[in-house]
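Engineer: These are the residues of each chain, in order.
2 protein chains.
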Amino acid sequence: MTDRKTISVDGMGGDNAPDTVVAGLERFAKDNLDYAFLLHGDVNTLTPLLDAAPLTKARAEVRHTDRQVGMDVKPSQAMRRGKGTSMWNAIEAVKTGDADAAVSAGNTGALMAMAKLILRTQEGLHRPALVANWPTTSGVAAVLDVGANIAADAEQLVEFAIMGEAFSRAVHHKDRPKVGLLNIGSEDMKGHDEVREAAQLIRDCGLDMAYHGFVEGDDISLSGVDVIVTDGFTGNIALKSAEGAARLVGGFLSDALKSGVFSRLGALIAMPALRRFQARMDPRAVNGGVFLGLNGVVVKSHGGTDAIGFANAVRIASNMCESRFADEVAVNLKRLAAASEAQALKEAAS
Amino acid sequence: MTDRKTISVDGMGGDNAPDTVVAGLERFAKDNLDYAFLLHGDVNTLTPLLDAAPLTKARAEVRHTDRQVGMDVKPSQAMRRGKGTSMWNAIEAVKTGDADAAVSAGNTGALMAMAKLILRTQEGLHRPALVANWPTTSGVAAVLDVGANIAADAEQLVEFAIMGEAFSRAVHHKDRPKVGLLNIGSEDMKGHDEVREAAQLIRDCGLDMAYHGFVEGDDISLSGVDVIVTDGFTGNIALKSAEGAARLVGGFLSDALKSGVFSRLGALIAMPALRRFQARMDPRAVNGGVFLGLNGVVVKSHGGTDAIGFANAVRIASNMCESRFADEVAVNLKRLAAASEAQALKEAAS
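Quick mapping for you: the protein sequence lines, in order, are chains E and U. Numbering (my numbering) for the first sequence: 1 to 350. Numbering (my numbering) for the second sequence: 1001 to 1350.
Source of the hints: derived by calculation from the structure; they are not laboratory data. One should not assume that every hint holds.
Derived, one-sided and incomplete: chain U residues facing chain E with beta-carbon distance under 8 Å [claimed, not checked]:
1. I1150
2. G1213
3. G1217
4. K1240
5. A1270
Stretch by stretch, here's where chain U covers chain E in the computed footprint (C-beta under 8 Å, at least three residues) [unchecked claim]:
6. 141-153
7. 220-234
8. 241-253
9. 277-286
10. 308-316
From the three backbone atoms N, C-alpha and C, an ideal C-beta is built for every residue, glycine too.
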């Protein structure tokens, strides 16, 4: 590897692959001249697309495979039979050092399972976590875990906090991110044991972190807290519940503005403002979940996104490459380990 | 009690009590001539308000107390020291048979704790649950539990399904409500053990219920499933996350429409449509969570609502009074108990 960073891309993953993938790379390439690409997939399909994407073509190496992971394949199947697919090869290039990060819009479960198998979990961490970019009044928040795991104990929640905080700095460019633990009440007495224990652990173990305290569901969108920590079951349901509610509101608005001559006229006159509104709500702007905590960066793009969305996922991968994410996480993990050890010694002595 | 139903009301609970309470009763009374009220609170404050609410005054009995539950009181304190407060007395009137249902806009934790202490859990149920009315593409869904409990095992989830289904019939007037279990994947293999076991139990125990299967977070708003079942931690976070997202979208829209001359003009012309949009989003229309599974009906109104919202909470209480809720729940609970017993016998024999 030279100074030029390389992004490894699953050319065949996603509902609109490979067209959207190549178009997305071309958008990203325009603003990021110092990036090269390793593009994994069917060379016969990819070559004509690259002819129409000159910036990408000039900096992309195509690595051919005619195998790809289906959108319905279960994680266990993908792990057993996924070797040699475009997704597998995209991740493996990070392991071998041929690339600095991998991006795929393919099957989420398969991607997480393969990434964990190939790259392994970063030393000192129990579990990786999937982080989502959540639109808020203050821009965007990092919410994790949103589905890599089904549950999390107190120590794992603290690990998620450590990773989310470094992610917020790397990708959302927050200097000193505020970190909150998702709970059902802001009083210390409420909530699951593991959430309360995690709060105690964060306070006790001397992390370099702006810990905000407990937050409730509505605080994710409205409070200005930058990193929201929860288990993968709750986080996935919170994220999808909020997406559903936002789509419902958007649908109601659209119904209303199409409901008669005056509303159509009003909407037409206010169109620039409505377009600005839509832009703030644009899911493509927040596309790209990172699978945090592996020995390497893997970004999951939404399967149904378009070129703008895919370019954003690649941008997130590049932000991660340019950051000191792994080092920052390692420093705080050492503090956590020391505190856990001290606690264990204290318990053993008493 | 005569044929006329009586609603017992905490006159002093809520941010804008007692004014909003009396104004809300007056709105409800206009359309519901066959209801009487027991109004608990400070007679000196309530009397002048009733003079301005003639329909309520004609059918209300004021039961004086100068004690009330503060909004910051913890549930444990409320249970120890709550006796004789307006909230306590409102619930107790249901127990004595003086009233058919109780409504309060006061402290949620205190209301749940007192209601459970005074009315006790319905026979055959492990735990009561708090149900919320969630706006959806098909009107409204019942989501429970949204915070009465912190966790739920499989059997409790099935009990929530049974109560939610009867609630949907009673209050949302769905003939044959579709019931879904909230999970993080629609495949049978995903999710918490207790959720998968609950799905199995519903299928096995011969409930009279249209079971739909697993639903994900976005399905709550968008799928047309009428009853969504989950534990109180997840349900509370899903509900509040969705509320936060809806408020965020509303705020972005409002910002956009105020952002210049043309957008203001457009919004003015489209105002009737925007008002219809707002009406569909109006939180007052879905105000009133019922604390299900007690020996008596207790409805929690949002603390900050106005007269329209409070009237809606009273309407929900009246729907519950007129329904066969307790009988319907009892029938399905017997089927669940029989299935659980058969299962236990089978396990003991094997």
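Engineer: Are the hints correct? Go through all of them and say.
Structural biologist: Status of the hints after comparison with the structure:
1. Against a cut-off of 8 Å between C-beta atoms, the interface hint on I1150 (chain U) holds, since the closest Cβ of chain E lies about 6 Å away.
2. Taking 8 Å as the C-beta cut-off, the interface hint given for G1213 (chain U) is violated, the closest approach to chain E being about 16 Å.
3. Interface restraint check for G1217 (chain U): the shortest CB-CB distance to chain E comes to about 3 Å, inside 8 Å, so the restraint holds.
4. The criterion of a C-beta within 8 Å of any C-beta in chain E is met by K1240 (chain U), whose closest approach is roughly 3 Å, and the hint holds.
5. For A1270 (chain U), the interface hint holds, the least distance from its beta-carbon to any beta-carbon of chain E being 3 Å, beneath 8 Å.
6. For the region 141-153 of chain E, the stated coverage by chain U holds: 3 residues have a C-beta nearer than 8 Å to a C-beta of that chain, and at least 3 were required.
7. Remark: the region 220-234 of chain E is confirmed as covered by chain U, as 7 of its residues place a Cβ nearer than 8 Å to a Cβ of that chain, reaching the required three.
8. Judged by the Cβ-Cβ criterion of 8 Å, the region 241-253 of chain E is covered by chain U as claimed, because 13 of its residues qualify and three suffice.
9. Judged by the Cβ-Cβ criterion of 8 Å, the region 277-286 of chain E is covered by chain U as claimed, because 3 of its residues qualify and three suffice.
10. With a threshold of 8 Å between beta carbons, the proposed coverage of the region 308-316 of chain E by chain U is violated, since 0 of its residues qualify and at least three are required.
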